[in-house]
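Enquirer: This is what each chain is made of:
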Amino acid sequence: MRLYIAVAAGGFRRYATYRVATFAGVFTNTVFGYIMAYTYMALWDQRPRLGGYDLPEALTYVWLGQALLATCAMMGGGFESELIERIRTGDVAVDLYRPADLQLWWLAVDLGRAAFHLLGRGIVPMVLGSFVFELALPADPLTWLAFLVAVTLGVVVSFAIRFLVALSAFWLMDGAGAAQMALLAGLFFSGMLLPLPVFPGALGEVAAVLPWSSLLQIPADVLLGKHTGWDLAAAYAFQAGWAVALLAAGRVLQSVATRRVVVQGG
Amino acid sequence: MSTEGADAGDAGDAEDGFIELDGVEKVFDVRRRARGGAGAGAGGEARGGARRGIGRLRREKHQVRAVDGISFRVPRGEMVGYIGPNGAGKSTTIKMLTGILTPSGGRLSVAGIDPSRERTRLARHIGVVFGQRTTLWWDLPLIDSYRLMHRMYRIPDARFRANLERCVELLDLAELLDVPVRQLSLGQRMRGDIAAALLHDPAILYLDEPTIGLDVISKAKVRDFLRNLNAERGTTVLLTTHDLTDIEQLCKRVMVIDHGRLLYDGGLAGLHEIGRSERTLVVDLEQELPPIELPGARPVRTEGPRQWLAFPATESAAPLVARIAADYPLVDLSVREPDIETVIAKMYVDRSAV
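So the sequence lines, in the order shown, correspond to chains A and B.
Residues in the first sequence are numbered consecutively from 1, following this note's numbering.
Residues in the second sequence are numbered consecutively from 1, following this note's numbering.
So here's chain B without its partners, still in its complex pose (with noise of 0.2 Å):
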């Protein structure tokens, strides 16, 4: 071990950081074989690799650096956003979390814990759910992986019960226990992961994506159950997402990550603010007219009878609505969430710019 000072300082360390991320790196080798001297032309993520030509073969060995020096901190019982584009390094960074993949440089701890040395007992303490993968036991009825589960994590039996009875009832799960896995429906088999790591009481749940391609009804009641879980039981909450609109309901604060690095770390109106994010409302109207024109919108585009106009995120839809029902035959209306690609392709154009 070599966490100096980290196990003196158990409970001062739950203070000020209960994740702990400082100057984290993760490099990957990469071999590919060589295209004729386009060693430039490896694609936006490969920077700074060595190349090595061995013989006839020619491969070419890449670095790639997925996570490139990221710091941050959080609290115990905070629940925060990790947002970026595909590729940024936040999958990367839950599995340097959760102790699978061990960081080329930097230090990283988890309640005190350094992930990759003591995988297993971290284990104990946090919950991961993987959005695109599921823990269940794909050909079994449910209940039989939360009794592997029980097994697994040798929670106590009358806890595995209170908990597991918790579970079933936020997540509406009572009529699900009996299916086998493979015939639930992807928002029913994301609700029967959720509990799958939470059985065991961890103090830190990790997200990845948990409502990706999930419905409209089936999203609200995941998020329902995180705000919950994290107002109730004090869970620290790390949630990486695609949908701005999870960050918005749950998060108070988000971090954004692109090529490795943190680029962001503050609150969501703080980010809207400095990408000058736009809503969009869609507007139905009873008839073609001529673009609406507005202070504080500004017209998009228009197709017959329907008019989208954008407005800045950081203001409040109600005064636009308002004004656009006094002023227009107006059938049907609905807002649209900036999504995270546009936001932050919008930071990368101010910061060329400055």
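Pulled out of the complex, with its shape left as it was, chain A reads as follows (with noise of 0.2 Å):
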């Protein structure tokens, strides 16, 4: 345990060290979030409530999009280009022969990047966006803890499906596609781009189901206070279901990848 700790301390660091990128992703992220407030604003004008969510209810959702795009890796940019790029060269050899486990290995890692990221590339947006517009923030910290919890939760879903794209690239030798097919994925059924109650009919009720709505549309709606007593509780059931299933699904697909699996390169 003390060893995965020291590796998630590693994770964080290592993110710390590159602040010129971390001063790009906080810019990146305040544009992004005046554009789609704008956006969200002539959209919430023309249908009020759409959703459900009132318009300050709206810009926070957008705001909290940007505040947790690189915490959840919603478009990818985690552990797994690297991971994808040691199993390509061969390199995951020296990962291979070392007495610790793969999966909690970069479980570690993801989640100290994760915590790097909701700290330095979270905050500042979020902050900057609530000085122009009125956003509905809680009051009460004890929500701001549960939503603490269902991101943390979120990060662990968001690792699970990663991982399984990442070990794609022992059978497919190239994680390419496989990534940029995730992102896609992710990008859409996160609630990225709107909110997912938004999305009319079967397929915003199939969007509902898929685990990529752990990664924004639960933490938010958390926030947002929407799921409280036992809804909170069926929604971290939701998450952690959906992260144990995953995790699972990655540690057998590890063990075939290890045990049948050529390691590249000599």
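Honestly, I wouldn't trust all of these hints.
[Unchecked claim] Calculated Cβ distances over 12 Å to all of chain B for the following chain A residues:
{"#": "1", "residue": "45"}
{"#": "2", "residue": "103"}
{"#": "3", "residue": "174"}
{"#": "4", "residue": "241"}
[Stated by the list, open to error] Partial list, derived from the structure: chain A residues whose beta carbon lies under 8 Å from chain B:
{"#": "5", "residue": "2"}
{"#": "6", "residue": "3"}
{"#": "7", "residue": "6"}
{"#": "8", "residue": "7"}
{"#": "9", "residue": "10"}
{"#": "10", "residue": "13"}
{"#": "11", "residue": "14"}
{"#": "12", "residue": "91"}
{"#": "13", "residue": "93"}
{"#": "14", "residue": "94"}
{"#": "15", "residue": "96"}
{"#": "16", "residue": "97"}
{"#": "17", "residue": "99"}
{"#": "18", "residue": "100"}
{"#": "19", "residue": "259"}
None of these hints come from the bench; they were simulated from the model.
Ideal Cβ positions, reconstructed from N, Cα and C, are used throughout, including at glycine.
Could you use the hints to bring the two separately framed chains together as a complex?
Expert: Structure representation (structure tokens):
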């Protein structure tokens, strides 16, 4: 356990070393936040209470999306590109002979990264957004705490999906295609473009039960106070269920991959 | 566990073979698209493949025998060179010895452990350095990677500090501990990697091309350290390399592998004898002269005042150098070791002649 804490700390610090990248990320998130906020304002002006959200809630949703974009790696950009590269070049051999578990190792790395991204790329855009727009942020610290739990679960679900994507490189030899598909699915089904309840009919219902809704839709609804009491417990259970199922699938794939597949290169 | 008798005889095992391979094979299935009837033209490595045409896709399944029945024993405390050309099966053997790859056939035991069955337990007994890969954490200072090793191998604090201190001193790492790994030169990174592999006091060290791409000074530092490690700590070392000088300076015993088979196992002198290998003397003279003719040396090439002379690798260069220095206007000279590919090529020529 102390090993994985040390690995997570390393994951945090290695992202912290790239200050310019962090600054550029904050800038991009903020600019996109403004663009999307004005787009939402136009939309909500035409259709007030779209998807059950009033305007301040919708704007809060926009800025949360920007704040969590890097944290929950909705468009990728976490450990997976590195792991894919290591599988492609054969460097993964180094990871495999160590007395450590591959999945836990990368989970620790990714949790460290997510913690940094939440602090380094989450807070500033949110604050900058709240200066200009009227947001529906809760006053109760317990709601914030509940939100943090939902974000943590969201990061684990996001990790589990990306771990599966990365392992596909053992068979495909190049994980770029799989990563591209995961990016599109993540962007759409996490609710990054529009909140999932806005989608009409079957599309919205399907999107709500897919694992990606754990990344943004559920944490956002928790912060907006849409899940309380048993409903909150059900939301957590939904996230945790996907996390366990996908991590287990990752374990199976990992053992097949390491047993049967050739480690590349000399 | 299928190690009959191996468990009972742990101490006995250590006597005759700390690393033991018995008819070890590794066969890879390689699929490739069928090229109309070119079954035989599949490259040197693919032999005895099963072919299977699947519908329209017509993909052939070939078997590549990367390691084809290798047996050897390495006693505790020995330092052995394991050499061969690219694609000979060296790295595949090392990967099986670490437990990353499961052998397709034969028996394999390292320190009494079956590597692929108990990879994690074995990991605490071995250190691995892959010359072309790094175990260090790229974006973080070197010391951070060592702290990670501390946790990963559960090294007791006092032992960790003592080992780190020793490695830092002998491998000259003091100035580098706070430098991010990505800023290290290749030689510095290699020394950093060697230290990382030794912090948990492994009884066995596998080195896969540890001097590849290093300059002369870095190579010398790495070799000094390895010699010292083997002498003082009794660490068993298995070293793959392309550089025969590594072997010459470090190993009494050398094994040659090619096409997955062991071609030679013995001393380096014996290898030179079998391979009839030649060293090359590069002589710079004051002026252009006709090729030097001396007994025991063969003129190979002349280019202005510079001449190349080949002589048997089993002979000393000293008498030859003395003769040249006495009879010719000598400006400078150097000796080049034979390369592995040439030695092995000559072994093949000999075999087919028999």
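Enquirer: Decide, hint by hint, whether the structure agrees.
Expert: Here's how the hints hold up against the structure:
1. 45: 46 Å, holds
2. 103: Given that every Cβ of chain B is farther than 12 Å from that of residue 103/A, nearest at about 14 Å, it holds.
3. 174: 16 Å, holds
4. 241: 30 Å, holds
5. 2: 5 Å, holds
6. 3: Holds. Min distance 4 Å.
7. 6: At 5 Å from the nearest chain B Cβ, residue 6/A passes the 8 Å test, so the hint holds.
8. 7: At 7 Å from the nearest chain B Cβ, residue 7/A passes the 8 Å test, so the hint holds.
9. 10: Hint on residue 10/A: holds, closest Cβ of chain B at ~6 Å, below 8 Å.
10. 13: At 6 Å from the nearest chain B Cβ, residue 13/A passes the 8 Å test, so the hint holds.
11. 14: 4 Å, holds
12. 91: 5 Å, holds
13. 93: 6 Å, holds
14. 94: 5 Å, holds
15. 96: 5 Å, holds
16. 97: The hint holds - residue 97/A has a Cβ within 8 Å of chain B, the shortest such distance being about 4 Å.
17. 99: OK, holds: residue 99/A within 8 Å of chain B, min 4 Å.
18. 100: At about 6 Å, which falls below the 8 Å cut-off, the nearest Cβ of chain B leaves the hint on residue 100/A intact, so it holds.
19. 259: Result: holds, 7 Å to nearest chain B Cβ.
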